[in-house]
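Colleague: With these hints in hand, go ahead and build the complete structure from the sequences.
Residue numbers (the numbering used here), protein chains in the order written: chain S, 1 to 124; chain D, 125 to 248; chain P, 249 to 372; chain F, 373 to 496.
Be aware that a few hints might be false.
To be verified - Label-pair restraints from in silico Cβ distances: (1) A272/P - E425/F: 42 to 48 Å; (2) E27/S - E434/F: 27 to 33 Å; (3) F3/S - S327/P: 44 to 50 Å; (4) D221/D - P495/F: 39 to 45 Å; (5) E434/F - P273/P: 39 to 45 Å; (6) G87/S - G211/D: 26 to 32 Å; (7) D77/S - P205/D: 42 to 48 Å; (8) A391/F - P167/D: 43 to 49 Å; (9) G459/F - P273/P: 48 to 54 Å; (10) R312/P - A391/F: 18 to 24 Å; (11) G211/D - R312/P: 36 to 42 Å; (12) P273/P - R436/F: 18 to 24 Å; (13) M276/P - P209/D: 14 to 20 Å; (14) P43/S - D290/P: 51 to 57 Å.
Hints are computed from structural coordinates only; laboratory data are not their basis. What you are looking at is a predicted structure, and each value in this text was computed from that prediction instead of being measured. All C-beta atoms in this analysis are idealised placements derived from N, C-alpha and C, irrespective of residue type, glycine included.
4 protein chains.
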Amino acid sequence: MSFAIGKRCWVLADGYIPADSTGAPPEMLSHEALCILNTGSDPVRVVLTLYFEDRDPVGPYEFRVEGRRTRHQRFNDLSDPAPVPKGIGYACVLEADAPVVVQQTRLDSRQSENALLSTLAYPA
Amino acid sequence: MSFAIGKRCWVLADGYIPADSTGAPPEMLSHEALCILNTGSDPVRVVLTLYFEDRDPVGPYEFRVEGRRTRHQRFNDLSDPAPVPKGIGYACVLEADAPVVVQQTRLDSRQSENALLSTLAYPA
Amino acid sequence: MSFAIGKRCWVLADGYIPADSTGAPPEMLSHEALCILNTGSDPVRVVLTLYFEDRDPVGPYEFRVEGRRTRHQRFNDLSDPAPVPKGIGYACVLEADAPVVVQQTRLDSRQSENALLSTLAYPA
Amino acid sequence: MSFAIGKRCWVLADGYIPADSTGAPPEMLSHEALCILNTGSDPVRVVLTLYFEDRDPVGPYEFRVEGRRTRHQRFNDLSDPAPVPKGIGYACVLEADAPVVVQQTRLDSRQSENALLSTLAYPA
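Modeller: So this is what it looks like as structure tokens:
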């Protein structure tokens, strides 16, 4: 299969990177990730815009997902144009130049045992 | 991007604020939140109606989400027309006067390590 | 609001009631629940059919959700035509005679700290 | 009910089998499962293709879901054409020759108390 499955715009409304962690990084570091699947043969260019409660949106964050590959991109690792602040709520709009599928997952290890959440993003 | 993404009516069927907490508030307080993203340029007026198992619906709860902002609104912090009771099930219908995207998240710290759940609300 | 929101048929594919529990019942008992919201004015009749991996489907399980009420129905508490077995996978189709919204939530307290999962059911 | 509910193609973007476990297998083994419901009367043939971040897709993984049955298939238990590697991200496209409903669930017992996540897969 090499045709592109999904949508070009996805939204996640509950973004949050817990500020503290218990356990060995990188696996047990508190993090939030956008998991993107590009089933097409060609690379996809992805642009993220982050929204906040008390300040203007920040972006664009740009990266590629190669053809027939997935990319599990941690928000923790984004730095350009600015790192994603920890311990405050945000939201994210993802725009791609070809269809992709997007799922959000958070690992919260603030307390000594980790908690997980995951949901499909909203396909706009 | 300044056009409004999403829908004007969203439903969550499993509402529940755990009655007890372990860990320091406000972060580790057991809570449930509606995370709302307004990608449009103008403020959105949001109205919530809460449904219960054994009593009439309560509402309207009204607030605004500013343009190009997210709002992570804890049910714990709603007070008008009445606080949301803890330890009992409820459900929620959100109506907005412009499109938004809505995700529900719960942090349960009744036991000594927190648990998380999250899901997109149902776009009606 | 008294019109009915949602769909008449919903599916959940991952049903599972953990066989053990830690903590005080009923709250911390390992359980799985179907959370149903009926925004309409009239009662809704709900019929569940349970599917298994190695045996024929079991049902119908029948109950009502009153008008303008939610019902958080634990699978643990179903008994007619048969209790739901613990510790094995199942799936569930819900049929209603008017639109409802359905979300699934599981609390797993097999280990000493509980874990949670939740997702919208699939609207068929 | 014996007609087939759902879709023939589903996607999950966040696949991950934690590499370690705490607690007694098979229940408390860290795992990820595809839960599939076939409400139709006839068996369904399912084909999975797995996508990775740094290598070509792997597949097809083929199996059947019998009529009027669910199948909770752990990725851990797939072996042909190759076992699913642990501790790295993947994604999955499921294709079926008749409609099914698909939900993803992960149990993570790397730390001493387990965490859970679950979401509907994306119906393509």
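Colleague: Does the hinted range 18 to 24 Å hold for R312/P and A391/F at CB?
Modeller: Given a distance of about 47 Å, which is not inside 18 to 24 Å, the answer is violated.
Colleague: Given the range 43 to 49 Å, decide if the beta-carbon distance of A391/F to P167/D lies inside it.
Modeller: 47 Å, holds
Colleague: Between the beta carbons of E434/F and P273/P, is the distance compatible with 39 to 45 Å?
Modeller: 43 Å, holds
Colleague: Could you check the hint for me, namely that E27/S and E434/F are 27 to 33 Å apart, CB to CB?
Modeller: 31 Å, holds
Colleague: Per the hint of 51 to 57 Å, is the separation of the Cβ atoms of P43/S and D290/P within bounds?
Modeller: Holds: the Cβ-Cβ distance is about 53 Å, inside 51 to 57 Å.
Colleague: Can the suggested window of 36 to 42 Å be confirmed for the beta-carbon pair G211/D and R312/P?
Modeller: 24 Å, violated
Colleague: Using the Cβ atoms, figure out if M276/P sits within 14 to 20 Å of P209/D.
Modeller: 19 Å, holds
Colleague: Are D221/D and P495/F spaced within 39 to 45 Å by their CB atoms?
Modeller: Cβ of D221/D to Cβ of P495/F: about 30 Å, so the range 39 to 45 Å is violated.
Colleague: Given the hint of 18 to 24 Å, is the C-beta distance from P273/P to R436/F inside that range or not?
Modeller: Given a distance of about 39 Å, which is not inside 18 to 24 Å, the answer is violated.
Colleague: Take the C-beta atom of G87/S and the C-beta atom of G211/D, compute their distance, and say whether it sits inside 26 to 32 Å.
Modeller: 27 Å, holds
Colleague: Could you tell me whether the CB distance from D77/S to P205/D stays inside 42 to 48 Å?
Modeller: Since D77/S and P205/D have Cβ atoms about 44 Å apart, the given range 42 to 48 Å holds.
Colleague: If you check the beta carbons of A272/P and E425/F, does the distance land in 42 to 48 Å?
Modeller: 44 Å, holds
Comparing the model with each earlier hint shows violations of hints 4, 9, 10, 11 and 12; every other hint is respected.
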